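So the protein sequences, as listed, match chains A and B.
Here the first sequence is numbered in my numbering, starting from 1 and rising by one per residue.
Here the second sequence is numbered in my numbering, starting from 1 and rising by one per residue.
I should point out that these hints are in silico values taken from the structure, not numbers from a laboratory.
Warning: the hint list may mix true and false statements.
Said to hold, decoys possible - In silico SDA-like links for lysine to any residue, alpha-carbon gap of 25 Å or less:
(1) Lys-144(A) / Gln-216(B)
(2) Lys-135(B) / Gly-204(B)
(3) Lys-142(A) / Phe-136(B)
Stated by the list, open to error - To give an idea of the interface, some chain B residues facing chain A are shown, with a C-beta separation under 7 Å as derived from the structure:
(4) Thr-130
(5) Ala-137
(6) Leu-144
(7) Ile-145
(8) Cys-233
Keep in mind it's a predicted model, so treat the numbers as computed, not measured.
The beta carbon of each residue, even a glycine, is placed where N, CA and C say it ideally should be.
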Amino acid sequence: MQQLSTLIIPLLILFIIGYGLIKGIAVFEEFVDGAKDGFTIAVNIIPYLVAMLFAIAIFRASGALELILTLLTPLANFLGFPAEIIPMGIIRPLTGSGSVGVLAELINTHGEDSIIVKIAAVIFGSTETTLYVLAVYFGAVKIKNTAYAVQAGLMADFAGFVAAIIVTYWYFS
Amino acid sequence: MLNKIWGGLILIGILFALGQDISDEIFNTHKNNIPRHYKHIPDLSVADTPTTLYIILTLNQTQLNATIKDDKHIFIQLDEQSPAFLRELATLNGNKNQLRATVVSIDHTHLGILLPELHWCKLRAVTQATFDMAKFAVKLAMGLIGIMALWLGLMQLAEKSGLIKPLVKLVQPLLHWLFPNIPKDHPAFGSISMNMAANILGLGNAATPLGIKAMQQLQSLNTDKNRASEEMCMFLALNTSSVQLLPPVTLIALMGTQISELMVPIILATSCSTIVAVSVAKFYARRNKNTLRRQT
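Full structure from sequences and hints, please.
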């Protein structure tokens, strides 16, 4: 698995450059021409990233998450899934590094074989950090009114969360 | 919607921190002005002087070196293993390796000390997090420059040599259904399919630049440059639901060999989230169209 992932990128680069050379393209010039946009895009993203990251940081640092967790635990018990995975569901759409931290902590306390870690890993693998992706993609083209993109992204995350719990229980039973 | 989520995160965060700090003040959770009593033994490795005593404090099973000056002030030496609340107190008072406190009582075995007062912890943490993240955002964006340039360069090369066309032909029917308003053979289809390919292969850092390229091309087709178009929302929904066959590299690193048995559940769950993402985006697009029609 890991080998496949490491092989893809060099082979892809080899293929793109090789094909360009065969087709008689000025490979260096075209590459440089395409690459020159990298800086402007990154700079355009900054205000969007600052806005998004600092709001998320305030929310996380305040400890409001623990309150939500205590409120949601009875619900999780009622529905019959472990409450330990709720932080994963809440943090995942907000921050990538935060959700890595949550998963690492779950592995530490429950072990890789536990159903809790398996569900959390499936949630991690099947959803994205929606707000980050939103900030980066819309920041790059300077779109301020995001229409209904957030709704679609967050509902997809929620669906991924529910599906991860159901599928993991079904698959490992 | 984004305005409400964004504002909500900030409001809930600050109000919650404020509420907690006020309750800490009322119930004196940090035990301000209440002396704490710890066991101590003399530190025999260093000789005492008339004004300075060298002792070892025992505190929650950890031992700390400390010096008492004039029977009044105590300087506790801290390191990485010291209890977290002491380290935090010391950092707040300017020196993270040494905590200064007042001695209120001393006998042969026990020592009573008054630690510096602690107020408004949560609000301070919130402020710190705000500044840290503002700085981190720039660091993150700067880190993207190189990766972005690399993939944009390769993308341009692949486009010019005609490498992308066959790929686009392959997925054209599906893409045409997802993005009905993009004209046939528009370069946006190329970037979108490259972005999807990168997502499917789990190449997170290639997917972002390629996705941005696609976003730019969608923006060139957009009639209102400030508002996200139907296509942009659909494209974003696809990206946030993470269409993928190979799991992301970070997950592989965290889970190790366990990852292979999680492949099937991940693919199933991610398919569910993708289907929901597409349906929601389609639903809103149709609703928007209907309201527009009613208005005209």
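Run through the hints listed earlier and report the numbers of any the structure violates, in increasing order.
none
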